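Residue-level listing of the chains:
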Amino acid sequence: MEVTVTVNGAAHQLDVEPRLLLVHLLRERLRLTGTHVGCDTTSCGVCTVLLDGVPIKSCTYLAVQADGRSVETVEGLLEGGQPSPIQAAFKQEHGLQCGFCTPAMMLAAKALLADNPDPTEDEVRWALSGNLCRCTGYVNIVRAVRAAASAMRDPEEASAPATEPSAEREPEGSGEPRRGAPVGQEVSA
Amino acid sequence: MLPPPFDYVAPRSLDEVLDLLAEHGDEAKVLAGGQSLIPVLKLRMGAPAWLVDINRVGGLGELAEDGGWLRVGALVRHRDAERSALLRERHPTMAAAAPQVSDPLVRNLGTVCGSLAHADPAGDWGAVMLAVGGELVTRSREGSRTIAARDFFDGPFTTTMRPDELLVEARVPPRPRTGGAYLKLERKVGDFATAAVAVRVTMEDGRIGDAGIGLTAVGPNNLEATEAEAVLAGAEPSDELFREAAELAARAASPSADTRGSAEYKRNVVRVFTERGLRQSAAMAGGI
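The listed protein sequences correspond, in order, to chains W and H.
Going letter by letter, the first sequence gives residues 1 to 189 in the numbering used here.
Going letter by letter, the second sequence gives residues 1001 to 1288 in the numbering used here.
It is worth saying that the hints were derived from the structure and are not from the lab.
Owing to the predicted nature of the structure, the values given are computational and were not obtained by experimental measurement.
No residue lacks a Cβ here, since even glycine has one placed at the ideal position from N, Cα and C.
Keep in mind that the hints are not guaranteed to be accurate.
[Unchecked claim] Where chain H lies over chain W, by a calculated footprint (3+ residues, C-beta under 8 Å):
1) 77-90
2) 139-152
[Claimed, not checked] Facing chain W, according to a computed beta carbon distance under 10 Å, are these residues of chain H, among others:
3) Leu1002
4) Pro1011
5) Leu1031
6) Ser1036
7) Leu1043
8) Gly1046
9) Asp1103
10) Pro1104
11) Val1106
12) Arg1107
Put together the whole structure using the sequences plus the hints.
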């Protein structure tokens, strides 16, 4: 079947079999391999893309359903060749370990922040609850999303060292340095 | 994993959908949100020759009141229900259940009616529809049928709809002075319920006018705890009454042991959740 799908702003006209999943159209036909396949059973969320701005699991959506619609993948996040505030915050806050879930996390975060520019920690956790991180790196992922929110609300602050997120770092009642904290990055003010 | 091959058609009108269903019968499956159907295809649990995508049909996405009744159209997503002020104000059992369906990504696509038509015994909306006394409206070339929720489920993944029928909407009657709850135990977000209980309590002159209790994942389909409902109807709310009703609901459950827990454990979850849900619902309705 002929379909026209806009991916990261560019329209693609493709002839696809009806049973082709959106994730395979992205990865195999358009060679956009930033969208990953994890469980392939609608459980892990690692294949998340934005469909007309709404995060969905691209392993559970047919490419033909996307006819006439607009898809955004991690490859579309760059802004003028530069990392977007969300990407910058994931780097700065070490919101990734192996990186496998990161594209999905950033896209789910983008949809959340478009809806709610100042989410609480609970709201971030709720919005990302369909996305699994097999490294269990959730604490820094949540921190990264909140840092991105703060940077997007106030771009001036964003270029300064992130003192606010760092202040939240220490678990309550613990004097121990946090294990696994990125060395030499974001020394607390 | 790829689904088995099928022919795909995305009609623009309800009439075309009904013609296709009449022509292809059980060789055709309706694609709405696809969050159950596509996994079923990928896991090769089903291999329909035709997928009829209804997403391009207008007029099926309505979540609104009509003569006091709530209408939930075939394309209303779980997300729409989760964000609905109308549900929060007037349909507390539904409002409680909506954010607990699967995970946010699935809720963005999956539909309330699709979940009902899929009739998974672990589905959340079936228990809710039983508790609120909802009705399911189907359309076919033969006309329209209205099926009470309690007559809709007919075993695992089976309903009393015919293959040529489309579930066009779920309807819920207006009920003032009503409280509701949906209590769900799940191992993690997005997992199917280990067990869940939907509760509705409608007060009338300081007594329980009537109550509804629907059960999830503890039987061959969503179950209605009718004996528990019977002791609640017309009774004065009390802890003792709620304990008795909870015992009856637990007895109505017929769970199977699986990786999520033993039958005894699930039955106990039903008992605890029913009691807790009744107390919460009665308080919400101003009954205690």
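Hint check:
1. 77-90: Since three or more residues must qualify, the claim that chain H covers the region 77-90 of chain W is violated, with 0 doing so at under 8 Å.
2. 139-152: violated (count 0)
3. Leu1002: Result: holds, 6 Å to nearest chain W Cβ.
4. Pro1011: violated, 13 Å
5. Leu1031: Hint holds; leucine 1031/H Cβ to chain W Cβ min 8 Å, cut 10 Å.
6. Ser1036: It holds, given that the least Cβ distance between serine 1036/H and chain W is near 9 Å, below 10 Å.
7. Leu1043: holds, 7 Å
8. Gly1046: violated, 13 Å
9. Asp1103: holds, 3 Å
10. Pro1104: holds, 5 Å
11. Val1106: holds, 7 Å
12. Arg1107: holds, 8 Å
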